[in-house]
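Once you know that position 209 of the sequence shown is 209 in the UniProt record's numbering, the rest is easy, because the numbers rise by one and skip nothing.
Derived from the structure by calculation, the hints contain no laboratory data.
Some hints could be false.
[Claimed, not checked] In silico lysine-lysine, DSS-like type, Cα no more than 30 Å apart, as pairs:
{"hint": "1", "residue 1": "K958", "residue 2": "K921"}
{"hint": "2", "residue 1": "K317", "residue 2": "K173"}
{"hint": "3", "residue 1": "K868", "residue 2": "K922"}
{"hint": "4", "residue 1": "K738", "residue 2": "K673"}
{"hint": "5", "residue 1": "K317", "residue 2": "K341"}
{"hint": "6", "residue 1": "K335", "residue 2": "K264"}
{"hint": "7", "residue 1": "K868", "residue 2": "K738"}
{"hint": "8", "residue 1": "K245", "residue 2": "K264"}
{"hint": "9", "residue 1": "K67", "residue 2": "K101"}
{"hint": "10", "residue 1": "K317", "residue 2": "K264"}
{"hint": "11", "residue 1": "K317", "residue 2": "K245"}
{"hint": "12", "residue 1": "K173", "residue 2": "K264"}
{"hint": "13", "residue 1": "K173", "residue 2": "K335"}
{"hint": "14", "residue 1": "K868", "residue 2": "K739"}
{"hint": "15", "residue 1": "K868", "residue 2": "K958"}
{"hint": "16", "residue 1": "K341", "residue 2": "K227"}
{"hint": "17", "residue 1": "K673", "residue 2": "K739"}
{"hint": "18", "residue 1": "K101", "residue 2": "K40"}
{"hint": "19", "residue 1": "K67", "residue 2": "K173"}
{"hint": "20", "residue 1": "K742", "residue 2": "K958"}
{"hint": "21", "residue 1": "K227", "residue 2": "K245"}
{"hint": "22", "residue 1": "K317", "residue 2": "K227"}
{"hint": "23", "residue 1": "K921", "residue 2": "K868"}
{"hint": "24", "residue 1": "K341", "residue 2": "K438"}
{"hint": "25", "residue 1": "K67", "residue 2": "K40"}
{"hint": "26", "residue 1": "K49", "residue 2": "K67"}
These figures come from a predicted structure and were not determined experimentally.
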Amino acid sequence: MLLSLLLSLVLVVFLTPLQLHSVSSPAAFSDDILGLIVFKADLNDPLSKLTSWNEDDSSPCNWFGIKCHTYTSRVTELHLDGLSLSGHIGRGLLRLEFLHKLSLSDNNFTGPITPILSQFDNLQVIDLSHNSFSGFIPDQLFLQCRSLRVISLARNNLTGPIPNTFSSCSTLKGVNFSSNRLSGQLPSGIWSLNALRSLDLSDNLLEGVIPRGIQSLYDLRAVSLRKNRFNAQLPDDIGGCLLLKSLDFSDNLLSGELPWSMQKLSLCNSLNLGGNLLSGEFPDWISNMRSLETLDLSANNFSGEVAYSVGELQFLKQLNLSTNQFTGSLPESLKNCISLKTLDVSRNLLAGNLPAWIFELGLETISLSGNRLNGSVEYPFSMLMSASYQSIQVMDLSSNALFGEIPSGIRNLSSLQLLNMSRNFLFGSIPATLGELKAARVLDLSHNWLNGSIPSGIGGAAALLELWLENNFLTGEIPVEIGNCLSLTTLILSQNNLTGSIPTVIANLTELRTVDFSFNQLSGSLPKELPNLSDLHNFNISHNNLQGELPVGGFFDTIPLSSLAGNPSLCGSIMNNSCNATHPKPIVLNPDSSSGSSTHGSLSPNLHHKKIILSISALVAIGAAVLIALGVLTVAILNLHARSSMSGAATSLNLYGGDELSPAHTSESNYGKLVMFSGDSEFVDGAHGLLNKDCEIGHGGFGTVYETALRDGRSVAIKKLNASGLLKSQDDFEREVKKLGKIRHQNLIALEGYYWTQSLQLLINEYVCNGSLYMHLHGEQFENCLSWKQRFNIILGTAKGLEHLHRLNVIHYNLKPSNILIGSSFEAKVGDFGLASLLPLLDRYNLSSKIQSALGYMAPEFACQTVKITEKCDIYGFGILILEIVTGNRPVEYMEDDVVVLCDMVREALDEGKSEDCVDKKLMGNFPVEEAIPVIKLGLICASQVPSNRPDMEEVIKILELIQCPSESQGETE
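Construct the entire structure; sequences and hints are all you get.
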């Protein structure tokens, strides 16, 4: 009843203000009280914070959120922040004629900003930030800008341009329109507001050029245009703002180099230009900005070396140069930056060894990931014995070419919360001392060559949230002590050689969301308590040896079948596989076994000689031997048929001579069809010289090779295909040959042409003068052995040739040293590629017979009819090829009472820390260890028994280029 009477009185006030004094009332309403009560009537107050606003009070000065002048008792400030208020700002506030500050931030106001705010005579501060106001900023807001000093409309839903009237509000000192959806260009004359000290227009959709003239803002202390769409260059007069302390133009489209005038900003303590398109070299004049505490040039196109002068910034606390193209090594002068806490130079092209002095700085965050740093991690980590290591909280060394063992002294990083050393070439075992990292939240050692078991001490890191150990060579069981890490949300152990059962304690880790144990050799049944993991989103156990009934309930009622694949003895309703049925126990072989129970032969006198007891590689060798026996019979029959056909074909060639082989006679099939893709099509000795036995230079599963000369003086290699019965038609053959003839690459042998009759098919290839890689590695024709540099370049060239084939969806199938030819500059040239595509009737058995000489290079999936043959088969052969080039040993050697498999021998040497002993003794120790060991490891990972573990050729090339020492990459081939 009282509220109705009050609203009636309000209506009377606004309609007939002159009659107000004649209305009798039990309480005397001041203008301030009346205005506030009317304002409150337009609000929703869900938290009842305004209950103290009582119209019967004689003064509002004790009301919640109200401040009054000390002497006049008139309302000067209204603070109603964070009260979840909604509604709209009504005209009642106009009664507060002495209001100086209006703060309604962090509420739920909606709708447009009311223009009545421009009608206050004394209002100096307006804060409507953190609401849901929408629409345009009203022009009227700045038309009568009598006293306005500060305005904040940040974090609303405002749209449209900043009104041009904004530039006329000369009294403004602080402006914050950030985090809206304002668009268009900066209003003309914005730099005429020479009273401005702070301007924040960040996180909007503003665009266009940042105009010159900013130097006229003499008092400007902070400006942020971050996260907009400004383009072109930075204003070149920015250095005129001599009092500027904070400059943030990050996350725009700014380009060009840094203005020279910026060096005059000697008082600036924060410079953030990250996330633009800026270019040029790191400015040497940066030392003139001597007050800098934060320098962020990340995510641009800066290049060159980091200037030595950066070390003169003694107040620098945060340095972020990530995601650029900086080269060289980090300047050692950085150790003079005694205040530095954060160093992020990730995702650049920095090279050299891991700097040891970094650990002397007392840093809290170190991020060097995604560079080309190499060398051992062991010496730099020896600096952890100094007192400065205790401050390190984040250390990211991932995606480099670092090698060596993780030192046990890492336990001294007592404050470490994140350790990421993934995607390097680390080997050896995981130190048990990692469990002493009590503060660790994230531990990532994935994608290395770590071996041994997961240490039980890992359970000591009880605060762990994420543990990433996938894609290593880890063996043994999952330690039950992992159950001590009760906060774990992510546990990734996939693509290792782990055995044993999944510990029941996993079900006690109630925070788990993601678990991946795939591609291991885990066995036994799944813990029945696993459905208790209520937050589980992913549980991948595919490709193991697990058996028994799948748990029922929770996540496991909807688990994807792909997460269970490769466990033939698992059963359950979701798998449509009844657990009542009996299944024969599968025979499971360990495809990556390198455990101590297997013994391996040694091809090096310095390695301990052991006998292999039915390792997977030996079994493959035995299986291949059986295939050879069957294949020999098939090949013999094919050769008899080919010789019979050849005798007739050769007679035809000798009868007709070279002229009848010219393209002019291709209309008659009896003469045969000769096609040269370019150049001369006539041979010096005519057709009868093509297959001269005296010119035979090689033979293999697909045919015999002869050398002959064209009339223009060029030599070519003629391959006579053994393809009887494997061709569909001449059209199919010619279509595939022409595709191969279009493939051109400096590391591939060019196909020059072909010859066709029904009984004889010839391929005319580029002739390479320096013989095959096989001859250089194992033959006696060459007096000088290949140097390390030549071997490395051959590996890299072969990789580039294969990568080109794979981009064209061509699988080689038959990669081996005899199919790698050596050019005049000792460059690698891959030959015999794509021959399988010429023979459409070639099945997997026939292909295995044809390439029986490639024993040891064939990927294990050739033996499994259900596994698709992909480019990963080539990568397996390439891995074996790497090991053969480095060691000088064949992939399989038959001793008197032993079978020595190169892969097993090298892996054993790696496990025993004797990798260097594997390198070819002909090199007499003349090779860089920092290249040789990573190359050996790369060979092993390419030759992984699991196809998904093998990198693609593009990744291989990147790794090789990272491994390659600068002196090697710049020098010429020896």
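Checked hints:
1. K958 <-> K921: Holds, because 28 Å separates the two Cα atoms, which is no more than 30 Å.
2. K317 <-> K173: Holds, at roughly 29 Å.
3. K868 <-> K922: This hinted pair is violated, its Cα atoms lying about 39 Å apart.
4. K738 <-> K673: Status holds; Cα separation ~14 Å.
5. K317 <-> K341: At roughly 5 Å apart (the allowed maximum being 30 Å), K341 and K317 satisfy the hint.
6. K335 <-> K264: Within the cut-off at roughly 25 Å; holds.
7. K868 <-> K738: Given that 30 Å is the threshold and the Cα spacing comes to 26 Å, the pair holds.
8. K245 <-> K264: Satisfied, since the Cα-Cα distance of roughly 12 Å is no more than 30 Å.
9. K67 <-> K101: holds (10 Å)
10. K317 <-> K264: holds (20 Å)
11. K317 <-> K245: holds (15 Å)
12. K173 <-> K264: holds (23 Å)
13. K173 <-> K335: violated (40 Å)
14. K868 <-> K739: holds (23 Å)
15. K868 <-> K958: Roughly 26 Å between the alpha carbons, so the hint for K868 and K958 holds.
16. K341 <-> K227: Holds: K341 and K227 sit about 25 Å apart, inside 30 Å.
17. K673 <-> K739: It holds: about 17 Å lies between the C-alpha atoms, which stays within 30 Å.
18. K101 <-> K40: Status holds; Cα separation ~17 Å.
19. K67 <-> K173: Judged against 30 Å, a Cα distance of about 23 Å means the pair holds.
20. K742 <-> K958: holds (26 Å)
21. K227 <-> K245: Holds: K227 and K245 sit about 19 Å apart, inside 30 Å.
22. K317 <-> K227: holds (23 Å)
23. K921 <-> K868: With a Cα-Cα distance of about 39 Å, the restraint between K921 and K868 is violated, given a limit of 30 Å.
24. K341 <-> K438: holds (21 Å)
25. K67 <-> K40: Measuring from Cα to Cα gives roughly 16 Å; hence the hint holds.
26. K49 <-> K67: holds (16 Å)
Violated hints, listed in ascending order, are 3, 13 and 23; each of the other numbered hints is respected by the structure.
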